[in-house]
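Novice: Letter by letter, the chains look like this.
Protein chains: 2
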Amino acid sequence: MRVIASVAAMQRLAGQWRNAAKKVAFVPTMGYLHAGHVSLMERARKLAGPKGIVVVSIYVNPTQFAPHEDFTKYPRDFKRDAALCWKAGVDVIFTPSDPEMYAPDFSVYVSEDRLAKFMEGVTRPHHFRGVTTIVAKLFNVVLPDTAIFGAKDFQQAAIVKRMVRDLNFPVKIVVAPTVREGDGLALSSRNKYLSTEERREAPVLLLALQTAQAAVAARPVFGAKLKKKIQQLIATQPSARLDYVEFFDPQTLEPLAIVKKGAHMALAVYMGKTRLIDNAEL
Amino acid sequence: MRVIASVAAMQRLAGQWRNAAKKVAFVPTMGYLHAGHVSLMERARKLAGPKGIVVVSIYVNPTQFAPHEDFTKYPRDFKRDAALCWKAGVDVIFTPSDPEMYAPDFSVYVSEDRLAKFMEGVTRPHHFRGVTTIVAKLFNVVLPDTAIFGAKDFQQAAIVKRMVRDLNFPVKIVVAPTVREGDGLALSSRNKYLSTEERREAPVLLLALQTAQAAVAARPVFGAKLKKKIQQLIATQPSARLDYVEFFDPQTLEPLAIVKKGAHMALAVYMGKTRLIDNAEL
Numbered sequence: 018m019r020v021i022a023s024v025a026a027m028q029r030l031a032g033q034w035r036n037a038a039k040k041v042a043f044v045p046t047m048g049y050l051h052a053g054h055v056s057l058m059e060r061a062r063k064l065a066g067p068k069g070i071v072v073v074s075i076y077v078n079p080t081q082f083a084p085h086e087d088f089t090k091y092p093r094d095f096k097r098d099a100a101l102c103w104k105a106g107v108d109v110i111f112t113p114s115d116p117e118m119y120a121p122d123f124s125v126y127v128s129e130d131r132l133a134k135f136m137e138g139v140t141r142p143h144h145f146r147g148v149t150t151i152v153a154k155l156f157n158v159v160l161p162d163t164a165i166f167g168a169k170d171f172q173q174a175a176i177v178k179r180m181v182r183d184l185n186f187p188v189k190i191v192v193a194p195t196v197r198e199g200d201g202l203a204l205s206s207r208n209k210y211l212s213t214e215e216r217r218e219a220p221v222l223l224l225a226l227q228t229a230q231a232a233v234a235a236r237p238v239f240g241a242k243l244k245k246k247i248q249q250l251i252a253t254q255p256s257a258r259l260d261y262v263e264f265f266d267p268q269t270l271e272p273l274a275i276v277k278k279g280a281h282m283a284l285a286v287y288m289g290k291t292r293l294i295d296n297a298e299l
Numbered sequence: 018m019r020v021i022a023s024v025a026a027m028q029r030l031a032g033q034w035r036n037a038a039k040k041v042a043f044v045p046t047m048g049y050l051h052a053g054h055v056s057l058m059e060r061a062r063k064l065a066g067p068k069g070i071v072v073v074s075i076y077v078n079p080t081q082f083a084p085h086e087d088f089t090k091y092p093r094d095f096k097r098d099a100a101l102c103w104k105a106g107v108d109v110i111f112t113p114s115d116p117e118m119y120a121p122d123f124s125v126y127v128s129e130d131r132l133a134k135f136m137e138g139v140t141r142p143h144h145f146r147g148v149t150t151i152v153a154k155l156f157n158v159v160l161p162d163t164a165i166f167g168a169k170d171f172q173q174a175a176i177v178k179r180m181v182r183d184l185n186f187p188v189k190i191v192v193a194p195t196v197r198e199g200d201g202l203a204l205s206s207r208n209k210y211l212s213t214e215e216r217r218e219a220p221v222l223l224l225a226l227q228t229a230q231a232a233v234a235a236r237p238v239f240g241a242k243l244k245k246k247i248q249q250l251i252a253t254q255p256s257a258r259l260d261y262v263e264f265f266d267p268q269t270l271e272p273l274a275i276v277k278k279g280a281h282m283a284l285a286v287y288m289g290k291t292r293l294i295d296n297a298e299l
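Keeping their order, the protein sequence lines are chains R and V. In terms of the working numbering, the first sequence is residues 18 to 299. In terms of the working numbering, the second sequence is residues 18 to 299.
Isolated chain R, as found in the complex:
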């Protein structure tokens, strides 16, 4: 396993792989890896095949954080991450520094106009511009055939797929299922921030998804009514504060007035100061 910090070295190596017709599967991450990431790497290993290459990037991307968000305190543990990558059969870790990725007069951004307006885009207005910009950069540096994203960030995966379609990136996007703790909490590097109390209450996000699934199983229901139900459920947990819950078309992400089976639900909940997200098909 190689660890590469330089953009030029990574891009040169990727160019050699291309010219040798090697399959490259890529997992972009912000590090502090957990079993969710490991499942993405294992998926990448399978997609690349025994002769192919698996690249994992570990980079906490500043442009997707707002000034008041947790960029500086985002958890980092390279040694542990490297061990997990090694165990998962990763060939190359790409871990650039900020000055490698962003020149002082950096001025080019990739932005998505429609899907990014909803949900996370409301609470975090510049977040997705940071995501599409860094993913475009990483695609150009790593030159993957396939890139694997986690389903926990449903809107992010939808926006990356849209970027690939609209800018014609020669990359196939694979979305791998959310990995959960035994009690249903979706794995996230931010779970580390939770107090014991908050951690105990955090499975309420999955409970909310299951409640909505049960509610629409028999017949369509009004979105407004279902929202109220979810709000009440979240309110039962003392540490929890609902940021948003939305029912939407999984292609356009447009909110649905009437929610049926097959619709998608996503929610964001503050547990104390930590913001957790989750989603599911209903």
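These are calculated hints, taken from the structure and not from any lab test. Glycine included, C-beta positions come from ideal geometry on N, C-alpha and C. A couple of the hints might just be wrong.
Said to hold, decoys possible - Listed next, the stretches of chain V that the computed footprint assigns to chain R, with coverage defined by at least 3 CB atoms under 8 Å from CB atoms of chain R:
id	region
1	90–97
2	148–160
3	182–188
Stated by the list, open to error - Here are some of the chain V residues that sit facing chain R, going by a computed Cβ distance under 8 Å:
id	residue
4	Q28
5	A38
6	K40
7	P121
8	S124
With the hints as your guide, set chain V onto chain R.
Specialist: Just chain V, lined up with the frame of chain R:
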């Protein structure tokens, strides 16, 4: 020489070239080719080498035109263009349709924030967003090693270079010199719009550049004073109306209060309804 209209077919072929380690040199155009384009193709032919591939795209890109601009009447002559490409040793013409390039719910754009604010960006506010978006798309479809742009569009070339740097496109940008008519008019597909009278007066753009070069040859001069001089010169031609003239740093494109040798000058002039641009190092 092959003519390809489908994005998927072009991208598949480009992928095969990559996997065979073939050098690809690319000239993006809007067609209605002239000797300026031919010089770019010849440059591409040299850069690709005898075993390499030269691709020319012919595509009048709607997203870089404002609604009031000349998108629909922009001159088109594919047969003549194809003959010129053939003569210049082009291997592939890529000529997609609008629906191939832009889905009805297209929503991803590449934009440059700093260099695009000046000059053309003032008169044509969304122009460069259209340019960077289509060039990013074409790079992802054609997968070139090198792309050749004309120096007549100095700001465009600067912005494309910035895009390549900031988004890490694995493409080398080459800027080839402006080709001129005998009387000094820079070649442009839009010259076709000029009446006999306007055509006769059009070399005033080059005269303006030469006047400024002479003015700064001995010592630095105030930008404001030099601007006035150029304004007066343009005003001597009855069909001409100055849109802008700027003296600027060729790296940052920031305007200079004091203009010396080595500074860059660009101007845009309406000849009747036709807008012409030109530029030079002073």
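Novice: All the hints need checking, so say for each whether the structure fits it.
Specialist: Taking the hints in turn, this is what the structure says about them:
1. 90–97: Contact hint for the region 90–97 of chain V vs chain R: violated, 0 residues under 8 Å.
2. 148–160: holds (count 7)
3. 182–188: holds (count 6)
4. Q28: At 6 Å from the nearest chain R Cβ, Q28 of chain V passes the 8 Å test, so the hint holds.
5. A38: 4 Å, holds
6. K40: Not OK, violated: K40 of chain V not within 8 Å of chain R, min 10 Å.
7. P121: 11 Å, violated
8. S124: 4 Å, holds
In summary, the structure is inconsistent with hints 1, 6, 7 from the numbered list given earlier, while agreeing with the others.
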